[in-house]
Amino acid sequence: MTDLAPPRATSTSSGVAPPRTAIVLGVVGFALLVLPLVSLTLRTPWTRVGELITDPVVLQALRLSLVSSLAALVVSVVLGVPLALVFARYDFPGKPFVRALAVLPMVLPPVVGGVGLLAAFGRRGLVGQPLAEATGITLPFTSAAVVIAATFVAMPFLIVTVEAGLRMVDPRLEDAAATLGADRWTILRRVVLPALWPSLAAGMALCWARALGEFGATITFAGNLPGRTQTMPLAVYLELERNPEAAYLISFLLLAVSVAVLVALRDRFLRTT
Amino acid sequence: MSEVDRDPAPRADGPRDGVTAGAGGGPRGAGDPPAAGGDGLSVDLGLRLGALELEVAIDAAPGEVVAVLGPNGAGKTTLLRAIAGLLPIERGRIAIGGRVVEDAAAGVRVTPQQRSVGVVFQQHLLFGHLSALENVAFGLRARGVPRREARGRARDWLGRVGLGGEVQTKPGALSGGQAQRVALARALATDPALLLLDEPLAALDVDTRRAVRQQLRRHLDDFAGPVLLITHEPLEAINLADRLVILEQGHVVQDAPPAVVARRPRSAWAARLVGLNHYRGRADGHELTLASGATLAVADAADRPGDVLVAIHPRAVALFPSQPEGTPRNTWRATIDALDIHDDQVRVHLDGPIPIVAQITASALAELALTEGSTLWVAVKATEIEHWPV
Amino acid sequence: MNGVPGPVGALDRRSSRGRRSDDPGTGRRARGWRAGLAVALLVASCGPADAGGDPGDPDAVAGELIVFAAASLTDAFDELRAAFVDANPDIEVAFNYAGSQTLASQIAEGAPADVFAAANATQMDAVSGAGGLAGDPATFTANLLTIAVEPGNPLGIGGLTDLADPELVLVLPAEEVPAGQYASEALAAAGVEVTPSSLERDVRAALSKVELGEADASVVYASDIVASDGRADGVEIPVEQNVPATYPIAVLADAPNPTAAEAFVAFVLSDSGQRILASYGFTTP
Numbered sequence: 003m004t005d006l007a008p009p010r011a012t013s014t015s016s017g018v019a020p021p022r023t024a025i026v027l028g029v030v031g032f033a034l035l036v037l038p039l040v041s042l043t044l045r046t047p048w049t050r051v052g053e054l055i056t057d058p059v060v061l062q063a064l065r066l067s068l069v070s071s072l073a074a075l076v077v078s079v080v081l082g083v084p085l086a087l088v089f090a091r092y093d094f095p096g097k098p099f100v101r102a103l104a105v106l107p108m109v110l111p112p113v114v115g116g117v118g119l120l121a122a123f124g125r126r127g128l129v130g131q132p133l134a135e136a137t138g139i140t141l142p143f144t145s146a147a148v149v150i151a152a153t154f155v156a157m158p159f160l161i162v163t164v165e166a167g168l169r170m171v172d173p174r175l176e177d178a179a180a181t182l183g184a185d186r187w188t189i190l191r192r193v194v195l196p197a198l199w200p201s202l203a204a205g206m207a208l209c210w211a212r213a214l215g216e217f218g219a220t221i222t223f224a225g226n227l228p229g230r231t232q233t234m235p236l237a238v239y240l241e242l243e244r245n246p247e248a249a250y251l252i253s254f255l256l257l258a259v260s261v262a263v264l265v266a267l268r269d270r271f272l273r274t275t
Numbered sequence: 411m412s413e414v415d416r417d418p419a420p421r422a423d424g425p426r427d428g429v430t431a432g433a434g435g436g437p438r439g440a441g442d443p444p445a446a447g448g449d450g451l452s453v454d455l456g457l458r459l460g461a462l463e464l465e466v467a468i469d470a471a472p473g474e475v476v477a478v479l480g481p482n483g484a485g486k487t488t489l490l491r492a493i494a495g496l497l498p499i500e501r502g503r504i505a506i507g508g509r510v511v512e513d514a515a516a517g518v519r520v521t522p523q524q525r526s527v528g529v530v531f532q533q534h535l536l537f538g539h540l541s542a543l544e545n546v547a548f549g550l551r552a553r554g555v556p557r558r559e560a561r562g563r564a565r566d567w568l569g570r571v572g573l574g575g576e577v578q579t580k581p582g583a584l585s586g587g588q589a590q591r592v593a594l595a596r597a598l599a600t601d602p603a604l605l606l607l608d609e610p611l612a613a614l615d616v617d618t619r620r621a622v623r624q625q626l627r628r629h630l631d632d633f634a635g636p637v638l639l640i641t642h643e644p645l646e647a648i649n650l651a652d653r654l655v656i657l658e659q660g661h662v663v664q665d666a667p668p669a670v671v672a673r674r675p676r677s678a679w680a681a682r683l684v685g686l687n688h689y690r691g692r693a694d695g696h697e698l699t700l701a702s703g704a705t706l707a708v709a710d711a712a713d714r715p716g717d718v719l720v721a722i723h724p725r726a727v728a729l730f731p732s733q734p735e736g737t738p739r740n741t742w743r744a745t746i747d748a749l750d751i752h753d754d755q756v757r758v759h760l761d762g763p764i765p766i767v768a769q770i771t772a773s774a775l776a777e778l779a780l781t782e783g784s785t786l787w788v789a790v791k792a793t794e795i796e797h798w799p800v
Numbered sequence: 002m003n004g005v006p007g008p009v010g011a012l013d014r015r016s017s018r019g020r021r022s023d024d025p026g027t028g029r030r031a032r033g034w035r036a037g038l039a040v041a042l043l044v045a046s047c048g049p050a051d052a053g054g055d056p057g058d059p060d061a062v063a064g065e066l067i068v069f070a071a072a073s074l075t076d077a078f079d080e081l082r083a084a085f086v087d088a089n090p091d092i093e094v095a096f097n098y099a100g101s102q103t104l105a106s107q108i109a110e111g112a113p114a115d116v117f118a119a120a121n122a123t124q125m126d127a128v129s130g131a132g133g134l135a136g137d138p139a140t141f142t143a144n145l146l147t148i149a150v151e152p153g154n155p156l157g158i159g160g161l162t163d164l165a166d167p168e169l170v171l172v173l174p175a176e177e178v179p180a181g182q183y184a185s186e187a188l189a190a191a192g193v194e195v196t197p198s199s200l201e202r203d204v205r206a207a208l209s210k211v212e213l214g215e216a217d218a219s220v221v222y223a224s225d226i227v228a229s230d231g232r233a234d235g236v237e238i239p240v241e242q243n244v245p246a247t248y249p250i251a252v253l254a255d256a257p258n259p260t261a262a263e264a265f266v267a268f269v270l271s272d273s274g275q276r277i278l279a280s281y282g283f284t285t286p
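Residue numbers (our numbering), protein chains in the order written: chain A, 3 to 275; chain B, 411 to 800; chain C, 2 to 286.
Going by beta-carbon spacing under 8 Å, a handful of chain C positions derived as facing chain A:
{"id": "1", "residue": "Ser-199"}
{"id": "2", "residue": "Arg-202"}
{"id": "3", "residue": "Gly-214"}
So the derived label-pair ranges between C-beta atoms look like this:
{"id": "4", "chain 1": "C", "residue 1": "Gly-132", "chain 2": "A", "residue 2": "Glu-135", "range": "55 to 65 Å"}
{"id": "5", "chain 1": "C", "residue 1": "Thr-162", "chain 2": "A", "residue 2": "Glu-135", "range": "23 to 33 Å"}
{"id": "6", "chain 1": "A", "residue 1": "Asp-93", "chain 2": "B", "residue 2": "Asn-482", "range": "17 to 27 Å"}
{"id": "7", "chain 1": "B", "residue 1": "Arg-628", "chain 2": "A", "residue 2": "Arg-174", "range": "23 to 33 Å"}
{"id": "8", "chain 1": "A", "residue 1": "Gly-96", "chain 2": "B", "residue 2": "Leu-700", "range": "51 to 61 Å"}
{"id": "9", "chain 1": "C", "residue 1": "Arg-232", "chain 2": "A", "residue 2": "Val-100", "range": "31 to 41 Å"}
{"id": "10", "chain 1": "A", "residue 1": "Leu-68", "chain 2": "B", "residue 2": "Gln-524", "range": "45 to 55 Å"}
{"id": "11", "chain 1": "B", "residue 1": "Gln-578", "chain 2": "A", "residue 2": "Val-80", "range": "25 to 35 Å"}
{"id": "12", "chain 1": "C", "residue 1": "Glu-110", "chain 2": "A", "residue 2": "Val-29", "range": "24 to 34 Å"}
{"id": "13", "chain 1": "B", "residue 1": "Arg-690", "chain 2": "A", "residue 2": "Val-100", "range": "50 to 60 Å"}
{"id": "14", "chain 1": "B", "residue 1": "Gln-524", "chain 2": "A", "residue 2": "Leu-128", "range": "38 to 48 Å"}
{"id": "15", "chain 1": "A", "residue 1": "Pro-111", "chain 2": "C", "residue 2": "Ala-84", "range": "28 to 38 Å"}
Derived, one-sided and incomplete: chain A residues facing chain B with beta-carbon distance under 10 Å:
{"id": "16", "residue": "Asp-177"}
{"id": "17", "residue": "Val-193"}
{"id": "18", "residue": "Pro-196"}
In short, the hints are calculated from the structure, not lab data.
Even for Gly, the Cβ is constructed at its ideal location relative to N, Cα and C.
Start from the sequences, fold in the hints, and give me the full structure.
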């Protein structure tokens, strides 16, 4: 079939080729997007990787980032999938508004999210104060706060992806399963989730990548303490002052993770047809 | 009036009170006996869904196949979903195998899981991630049958539908006909008290449809419980069903054996379905006055004057280049409006005092040199006109 | 606008001074900065401030003055500008507030600036070492370290030793920023070991945690307590334990407007300049 492929560097089969100005602007736009990433790769101190990666600050940040982003992913799946189910399968008054609220963190500046998290779960927060008075537990400046901040910004990505996936699962499949005697849990476990798996996997990858890259809400709500709340993005920010080479290395690691996620999701984002 | 419309099923499997499923399907009177008698299906329900207002009473005896026919939007699938328990009813009750599974007044509502209803859906709706075997075993597993036993029984069922070699195949790799057979095996494997089929052949191509229909016929014969078959294909209905229920706009228009529907359809839709010319009119002796004012002479006189339905088979409509002489007492001039050519048969749509469709052979079309706009003469023998009181 | 002054003059003047071109890489990058600045100035010089200036007089305090100042100076310098512009109505002063380290690296990358006011000597030395200063820096003010506590000091914190309490939620500025460095020096000098909950990216972020009630205490600048406007109280750290930040100021070698730059530095060092700084919690060095 390869001989049927259109020749390279021509316009696609449908539509008229765009004007030259658009092509030039498009190339400039592409350069703007790609140059920083290429430059970052070039500046990464490859010869010193071994020594930098064992730097305690880098190691601690790496470990904390992995653990906290995976924890945020688990929380997002446990809470986000049911929420997506509710959004996809139930109608209730004010649903568009409720739905918009739930995915708002996707477009909210993360720092604002961090301030909101302080207002809710801080020591003087709406929930945080009664919690502290009742149990003595305070969340800010803890690794739990890192997970909460990451979940706050990342879970909406899972919710929207899974909800879109659920809408593509034929609800009549659930009817068919019900007439065959399957109860709701069995239907969810044996019919809906397997049919949903590609969307769930995509949502999990997006969610995890977002959690791993989280900065603004984390530094605002969880603070910055190496080993406890200093994740990789925070380390990049502070190491840039003290040890720029380490900052470049961590940045490159984060870039590599993002590329890996994009490749894993190639069917969703990289396919042009 | 019209006892023909209430013909009981031709099978004499036992006494049934299905005769109460009268045309119009209105609510029963309070004094009627409960419909749950017998081991079959007894449905008398009302519900609203969007613009649709469904008011239906249908019964089916064990072993009987009842086809529900109707145009799109008539409420066929809604009826099926209500019986399966996928949609609550607002009025009436549903009994399956002598057990009341839903009674709106009494607040009884058995879940779909507990109804013992096997359903074959329009687009097979197999579970894409499970093999054919696991699809068929699904219902057994869900009902607590141990894995090994469920697989064994599922294997048997796949063998029975002729798919013993496709045990491990995923639905995506099955042909349309195979998938629909797996869906049938899946529905039957749980040994349901009632089988519901929603346009089971609609998604198949013509050749596959023929093959699957024959197989389906065999399995329906083997099935001991009542079967409700939803379809818009008259051939499918006549071939598979013992009785036809014509559903239009949420109401039963006719409930009769296929032969009766084919000869005396009670609605224009059903007449078109069986390919008949269909009119409303008034009979007085040997003369029929149609709603348009045109008159027709008929051979058998009406018992008494009154409103009638009239049917003329297109093959009984003869066409002549000039005014014919002799026996036919009904002749008129008409203009050809359109020609539908199917294989060697041509349906000629004619405009005139009585709009009518004639069916002629392709060679006749050539001999008469007919085209759209041609003018010719139409003749219908009085003996070919079927009429019966409304 | 009426002709000659403005961006073209400014750029010409700078290039005529002749850059030190021992770093060709920096020079190349600097061209990018200049192009950006030319656009910015084109826009800015359309304003009325330019209209009355006399482009022919090199000693006139007029035109555009760009000051790179440490973030902690924000409020004080905004008021200083008002007073300075009152005295020199033909000048337009633009501030770039950021961390001293950030400012120093921006200057190294060729960012156009007339004056650099840093929050510590280290960053000023870095610029000076690269030959970036027109003269010697002058120390113009100092900022004492202060313990920030919640309003009313509910925990009764009396000094640095009280910060050793492990139950206390203490946040400090990260050691990467000067305030954090001074704080750790002060704590070390006092022999106090602390377990901070967070090392904040800058001193304002550390203070905000106290203001929001999330932290019990922090170590910040006296000027920050003034700026917090009652949302946090300060507990003084005795002079013998204090490590005050000293703020140097200098005119830059590549200053596009050296005349105005000298005038601004002089104003900052003047009595009226010092009074304004004192009102914002700064101390005379």
